[in-house]
Amino acid sequence: MTVKLRQRLYYAFFILAIFAFLGGSFLLFKMGFEKVNAFREAAFPEIPVATFLSGIVSVFLCMLVSVVLLGIIAFRTGRNASAEIFFFSLWCASLSFELGRIVILWLVNQGVGLVSLAMVTRFVMFGRYIGSLAIFMGSLFSLGFKQERIPAAFAITIGAALFFASIQPLNTGQLGPGFLVMRGYASLVYAFDLVLVASVCINYLIAFRITRDRAFLLAAAGICGATLSLLLLRVIPGLLLGPLALTALIAGSALYLKTLHSYYLWR
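Mapping of the sequence shown onto this note's numbering: residues 665 to 931, in sequence order.
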């Protein structure tokens with residue numbers, strides 16, 4: 665994959681993130697507070713209004729972070745040769761799929777059935793699997809994977825994400841926290857995410873042991889903080905955990921991107 669093609673993909677990801685953020689804002693504006701609160705009273709009456717709204721805010725914060733990070737990558741670091749940054753951009757683009765959670769709110773207010781909601785849920789799951797697998801694939805290149813393997817790793821990421829999102833069972837009779845249809849084996853999915861995060865950290869620690877460059881230690885710390893905080897923002901984080909998770913997401917992402925950009929700048 666050439667640098668020029670990667671730059672075009674960065675711009676495409678950036679445009680996708682902008683449209684997702686603007687589309688979600690438009691749908692939320694059309695619904696208004698009354699319809700959103702009516703959804704809360706019908707689906708989650710036990711959740712306080714402020715806590716419920718924090719879940720909606722977390723969706724837009726995820727998409728906004730995606731826009732900002734992809735803008736930086738597209739216009740500042742696009743010529744960097746790092747394969748890790750390319751797969752990090754794919755992780756950033758996957759945050760745009762959280763738009764589906766706002767779409768579900770809108771569809772419920774339109775009286776759409778749960779079968780359609782299940783399709784949107786799979787769309788969100790597809791994006792989440794892309795993000796988790798992209799970070800793992802990127803970390804493999806710190807161990808010496810050749811740049812020529814980027815297209816194959818990219819194709820495997822998309823294909824595996826589509827496969828996992830298609831086979832995961834859904835309980836189409838109930839909506840769960842995070843405004844998605846209840847998913848089967850949810851605990852296994854969280855365990856899968858945690859295993860991938862741990863694997864990414866191990867890969868960077870191995871890279872540090874080989875090169876003795878502390879950049880890989882900083883990269884491991886940054887991506888670990890970013891991905892773990894994202895797991896909190898994907899549900900209804902609440903007024904306390906929400907700001908903490910957002911701070912960790914921004915700080916971890918900035919540390920990861922800055923560290924790898926500096927490391928590969930002259931390589």
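It is possible that some hints are incorrect.
[Claimed, not checked] Using 20 Å as the maximum straight-line C-alpha spacing, the simulated SDA-like pairs for lysine to any residue come out as follows:
#1 699 to 687
#2 810 to 721
#3 922 to 721
#4 699 to 669
#5 810 to 699
#6 922 to 896
#7 668 to 811
#8 922 to 875
#9 810 to 800
#10 668 to 853
#11 922 to 849
#12 668 to 928
#13 922 to 876
#14 668 to 740
[Said to hold, decoys possible] Now the in silico label distances, taken between C-beta atoms and shown as ranges:
#15 693 to 911: 42 to 50 Å
#16 714 to 689: 18 to 26 Å
#17 851 to 721: 19 to 27 Å
#18 820 to 701: 42 to 50 Å
The set of hints was computed from the structure by calculation and includes no laboratory data.
No residue lacks a Cβ here, since even glycine has one placed at the ideal position from N, Cα and C.
Evaluation of the provided hints:
For the hint linking residue 699 to residue 687, the alpha-carbon distance of about 18 Å falls within 20 Å, and the restraint holds. At roughly 40 Å between alpha-carbon atoms, residue 810 and residue 721 are farther apart than 20 Å, so this suggested pair is violated. With a C-alpha separation of about 26 Å, the suggested pair residue 922 and residue 721 falls outside the 20 Å cut-off, and the hint is violated. Of the supplied pair hints, the one linking residue 699 and residue 669 is violated, its CA atoms being roughly 43 Å apart against a limit of 20 Å.
At most 20 Å may separate the alpha-carbon atoms for a hinted pair to count; residue 810 and residue 699 exceed this at roughly 52 Å. As the CA atoms of residue 922 and residue 896 are separated by approximately 24 Å, the hinted pair breaks the 20 Å bound. For the proposed pair residue 668 and residue 811, the alpha carbon gap of about 14 Å is at most 20 Å, so the pair holds. Straight-line distance between C-alpha atoms of residue 922 and residue 875 comes to about 19 Å, which keeps the hinted pair within the 20 Å bound.
Of the supplied pair hints, the one linking residue 810 and residue 800 holds, its CA atoms being roughly 15 Å apart against a limit of 20 Å. Straight-line distance between C-alpha atoms of residue 668 and residue 853 comes to about 35 Å, which puts the hinted pair past the 20 Å bound. For a cut-off of 20 Å, the pair hint linking residue 922 to residue 849 is broken: about 36 Å separates their Cα positions. Note on residue 668 and residue 928: the hinted pairing holds, with a Cα-Cα distance of about 17 Å set against a maximum of 20 Å.
The straight-line distance between the Cα atoms of residue 922 and residue 876 is roughly 18 Å, inside the 20 Å bound, and the hint therefore holds. Restraint check: the Cα-Cα separation between residue 668 and residue 740 comes to about 14 Å, which is no more than 20 Å; the hinted pair holds. Range check, residue 693 to residue 911: Cβ separation about 27 Å, and the 42 to 50 Å hint is violated. For the pair residue 714 and residue 689, the beta carbons lie near 20 Å from each other, so the given range of 18 to 26 Å is met.
Remark: the range hint 19 to 27 Å for residue 851 to residue 721 is upheld by a beta-carbon distance near 26 Å. In this structure the supplied range 42 to 50 Å holds for residue 820 paired with residue 701, their Cβ-Cβ distance being about 43 Å.
Going through the hint list in order, the structure does not satisfy hints 2, 3, 4, 5, 6, 10, 11 and 15.
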